[in-house]
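Protein chains: 2
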Amino acid sequence: MRTWNHILAAEFVSMMVLLLVIEAAVVEYDWTVDYTYASPDCVEKLVLSINKQFPSPTIHAVEGDTLVVHVTNAIPTEGVVIHWHGIHQRTTPFFDGAAYVSQCPINPGETFTYRFKLDRAGTYFYHGHFGMQRAGGLFGSLIVSLPAYKKEPFSYDAEHSIILNDWWHKSIYEQQLGLTSVPFKFVGEPQSLLIQGRGSYNCSTVAGVPHGSPNCVVCNATNPSCAPHVMPVNPGKTYRLRIASVASLSSLNFILEGHKLTVVQADGRYVKPFQVDNLNVYSGQSYDVLFTANQEPSRNYWAAINIRGRQTSTPTGLAILQYMPNPATLVPTTPAPVSPLWNDTAASVAQAKMIIAKFGHEQAPPKKSDRTLVILCTQNMVDDHVKWALNNISYVARPTPVLAALKYKIRGAFDSKPPSDLPVKDYDVFAPPPPRFRNATSGSPVYVFKKDSVVDVIVQNANTLTPNNSEIHPWHLHGHDFWILGYGEGSFDSQKDPASFNLVDPPVRNTVAVFPFGWVAIRFIANNPGAWPFHCHIEPHFHMGMGTVFAEGVNNIPTLPSQSLGCGLTKRFLRYR
Amino acid sequence: MRTWNHILAAEFVSMMVLLLVIEAAVVEYDWTVDYTYASPDCVEKLVLSINKQFPSPTIHAVEGDTLVVHVTNAIPTEGVVIHWHGIHQRTTPFFDGAAYVSQCPINPGETFTYRFKLDRAGTYFYHGHFGMQRAGGLFGSLIVSLPAYKKEPFSYDAEHSIILNDWWHKSIYEQQLGLTSVPFKFVGEPQSLLIQGRGSYNCSTVAGVPHGSPNCVVCNATNPSCAPHVMPVNPGKTYRLRIASVASLSSLNFILEGHKLTVVQADGRYVKPFQVDNLNVYSGQSYDVLFTANQEPSRNYWAAINIRGRQTSTPTGLAILQYMPNPATLVPTTPAPVSPLWNDTAASVAQAKMIIAKFGHEQAPPKKSDRTLVILCTQNMVDDHVKWALNNISYVARPTPVLAALKYKIRGAFDSKPPSDLPVKDYDVFAPPPPRFRNATSGSPVYVFKKDSVVDVIVQNANTLTPNNSEIHPWHLHGHDFWILGYGEGSFDSQKDPASFNLVDPPVRNTVAVFPFGWVAIRFIANNPGAWPFHCHIEPHFHMGMGTVFAEGVNNIPTLPSQSLGCGLTKRFLRYR
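Heads up: the protein sequence lines correspond to chains A and B, in order. The first sequence begins at 1 in the working numbering and counts up one residue at a time. The second sequence begins at 1 in the working numbering and counts up one residue at a time.
There may be inaccurate statements among the hints.
Remember, identical chains collapse to one label, so a pair may be satisfied in a single copy or spanning two.
Straight-line C-alpha distance at most 27 Å; calculated DSS-like pairs for lysine-lysine [to be verified]:
{"#": "1", "residue 1": "K170", "residue 2": "K185"}
{"#": "2", "residue 1": "K185", "residue 2": "K52"}
{"#": "3", "residue 1": "K451", "residue 2": "K117"}
{"#": "4", "residue 1": "K260", "residue 2": "K151"}
{"#": "5", "residue 1": "K237", "residue 2": "K358"}
{"#": "6", "residue 1": "K150", "residue 2": "K358"}
{"#": "7", "residue 1": "K368", "residue 2": "K451"}
{"#": "8", "residue 1": "K368", "residue 2": "K272"}
{"#": "9", "residue 1": "K170", "residue 2": "K52"}
{"#": "10", "residue 1": "K45", "residue 2": "K170"}
{"#": "11", "residue 1": "K353", "residue 2": "K272"}
{"#": "12", "residue 1": "K272", "residue 2": "K151"}
{"#": "13", "residue 1": "K237", "residue 2": "K151"}
{"#": "14", "residue 1": "K185", "residue 2": "K45"}
What the hints contain is simulated information worked out from the structure, not anything from laboratory work.
Could you build all of it, start to finish, from the sequences and the hints given here?
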């Protein structure tokens, strides 16, 4: 639904006059969040859906549009929120959709209206941001195009968009319980990988088709609920492919069989074009890539995703690149594309370093920072539970939105003691935490930054509780894009490493992966008054405490709409006749 | 935890003086509601629990005590409430624990403190009252004893209490989804029946033990998580057995193998003692029965429950009556007790009619009523969904607590048009709804009664959408006990049937079953200012709309605590600096 409306409409001004003067689109949706049945990999399961669709509906809008979404929660007992991943929410921090940070959860039966400006074109997405509801299926694409009068610095004939994720047959309720149980029960590896909500699992139930075989796709092709996603192309034409990952756990590697991919955008920001055969997409990231349909046109090709960074037997997720006029059902007979070895970290780092900003299209960062956080991410024990911690604090959300607590100076809503800017000294990131650092504490920390200050954050990875193990963590910051100044191995050296920072053309984005046993340095300007989660985008990791909250311009937070309040300590503000 | 405190404590009065004058107990609990794993029938499942216990902890208190329960919601995304079934909540209607009637759901992370007086001894229980959370395992016993200076009008040597329910392996999330899906997916019959949270299922996985065999119990006996519940007794002694049912769907029949049961209380109210071999316990009801351990003492005996009113293959739920000093593991070799035929409605009605109030212990009802509702309960279609309706309205909760809407005159919180006191005329209760009555409407009706008025409610059963089918519905009224004036078959005749009402010694209780194709007449005094659900206690039926709200004394509702608010239209009352 797309309705045209007027930003400055006022009753006393003739609508006819206004039409000639100023026009901006309001893109408006009525959404109902509810359970539904879906069989994305041919196994039926309860999923969280919007308007009974899985994946949730794709939003198409134009830069400058105002997006208005009326979200009605029709789930019997669960609250929900919708986070608009990559949208900065300038002047509307209360519409960021992070439960207990920007707003109270929308209660069953309530309708909450999100209303904010899409101030930058790009490939974005939205998803649930309460418990592990994203992993439960609550996500969709948000495609913001340039207005007609603006031109991209690259050309193409048409576009497709796909959203990627990993999929479990176990409910998110059980997944969450396992993660917080003693003994710890991990969610395990996914049963399938989905491209635009379609995947294949358990081919072994089909006689003669081995588990994980691409021939699964043949079997599924006739099942409308799990038939592979199809992208039709015309031979010789060039396409823009918008790729986003909302994976719960997996780092994904995308391959378009036989086709080179030219990366032109990352998280909606321009990068210097570079070509790859396969592309790593970490959860929370998006890429815009160009490809030309220049292969033998008498057949179709695989679009494929595999898991990076974890050793799994999860079958390749497959979709079909359909060369017109071949039928979509002409399934490739070639084997499923193979990605780099799961533990080839060097390849991952090398590709990450290929990404630099496109000259003339992105600003360089300020030369110096006003404050530097070094955040050591460790796996710890808290009261016999396995947790993740940042500088020894494992994040637990408390029921008063941080934004409300800051705006209205509500005491007791989060930890009064500020978290530490620096980790303990001389921590060995190559070993499991020694006994004295094995236990962390739970908390609700908030880092408060001076308005317009320049902040550096070094995210320092480390060994987990398991010897010789360190994992990939994609770190996402709400409300901002940041410059990625550099990656390194081992412990960050605050004396030497800053010298290697790229201050000329670092890429700008909202999600960056920190690699096993390594660190990443980012810089951002704290110029968006509000409270913004900074967290690992892996659902189980965030659920186990791997996150924190950044806040800035706390004296400039706009008045919060009452619909965003009513939970936790904000109840104290209820005043009746 | 039991702490002694003082009702009338005031700072300026010496505590020493008060101690001599008046004393009342405050029974205080700290509860955390969370998911946990439980295997009540040897199949592991996620359940809703309090302090990680299933069933939730039993509360023991004394008449006159104040019960204080601090409920912290530790579920990741679900709201919760706790309803105190059978407790009248005089002057504290906001602590009744009915979501969206008496309060907002307790959000994840919040702590809500219930604080109310237990003004009458009896066998009660508590349970979740939001979505189908009771069926998810959120329930426990609430035993209120007489104070030492009062005596029961019967004698016994010791007591046991058991809580009964039915159990599914499918999650309540899937159960709820199925019930609201098109096409309709019923929850089906339970996999097992539990006595005090223990049952047996799937004996067929044990070699040589047929499904449903009592020998299951032998197999389970060594598994601590699903070993049968054991009630030890000393030969020759007399016991008070407190029985309560929180079944989701099933009407249960309780048998104590070889022992007669003397019924002395129903729903905490005195009845004229009568003896039975087996006892029907409808969901939402409790019974206190006496039995004497007068059987051959060298063996143990079965305590058993079977399903009444539905044709099922669910195995008998079994517990063990242990004659001391036999070991608890001495499992009876006798077959599981058999209940009356599932469709022997005449037997059920006959037993229901045996229940009359104990002379001198319960007041007779007023001779006349001020207002009479005749509520026709039908199964209907609403927008292609299968629903239950009362006088053609299928109940849907809306997100503003009715109590808050009444107290603060919030418009739009429930249907402004009052529901009808009478059904359509000449409705044929022996046939499925004819085309013109096939569709019902959804609504949020509230019946408002004049304070202290006497209200009669005739609950009229009817044929479902399936020919020749009518079901048992146990009707529960919050905030009140009512007199059961009579039962009848077919359509209630307002001219003739009142003449048959028992106005002398009708039983007093809070839950009454209406039988297939029949009606039941109840009378109560609307003298408890508040808003009180009146609904079928079968979880799937209430979830499908089989309920309504009664309200009275709306100008006398006390000020609501802010902790009970914050959802729906009450957000409008948020006032900030």
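Status of the hints after comparison with the structure:
{"no.": "1", "hint": "K170 to K185", "verdict": "both (12 Å within a copy, 20 Å between copies)"}
{"no.": "2", "hint": "K185 to K52", "verdict": "between (31 Å within a copy, 16 Å between copies)"}
{"no.": "3", "hint": "K451 to K117", "verdict": "within (22 Å within a copy, 52 Å between copies)"}
{"no.": "4", "hint": "K260 to K151", "verdict": "within (24 Å within a copy, 88 Å between copies)"}
{"no.": "5", "hint": "K237 to K358", "verdict": "within (24 Å within a copy, 89 Å between copies)"}
{"no.": "6", "hint": "K150 to K358", "verdict": "within (17 Å within a copy, 86 Å between copies)"}
{"no.": "7", "hint": "K368 to K451", "verdict": "within (16 Å within a copy, 72 Å between copies)"}
{"no.": "8", "hint": "K368 to K272", "verdict": "within (24 Å within a copy, 87 Å between copies)"}
{"no.": "9", "hint": "K170 to K52", "verdict": "both (20 Å within a copy, 21 Å between copies)"}
{"no.": "10", "hint": "K45 to K170", "verdict": "both (9 Å within a copy, 11 Å between copies)"}
{"no.": "11", "hint": "K353 to K272", "verdict": "within (12 Å within a copy, 85 Å between copies)"}
{"no.": "12", "hint": "K272 to K151", "verdict": "within (16 Å within a copy, 88 Å between copies)"}
{"no.": "13", "hint": "K237 to K151", "verdict": "within (19 Å within a copy, 92 Å between copies)"}
{"no.": "14", "hint": "K185 to K45", "verdict": "both (21 Å within a copy, 14 Å between copies)"}
Of the numbered hints stated above, none is contradicted by the structure.
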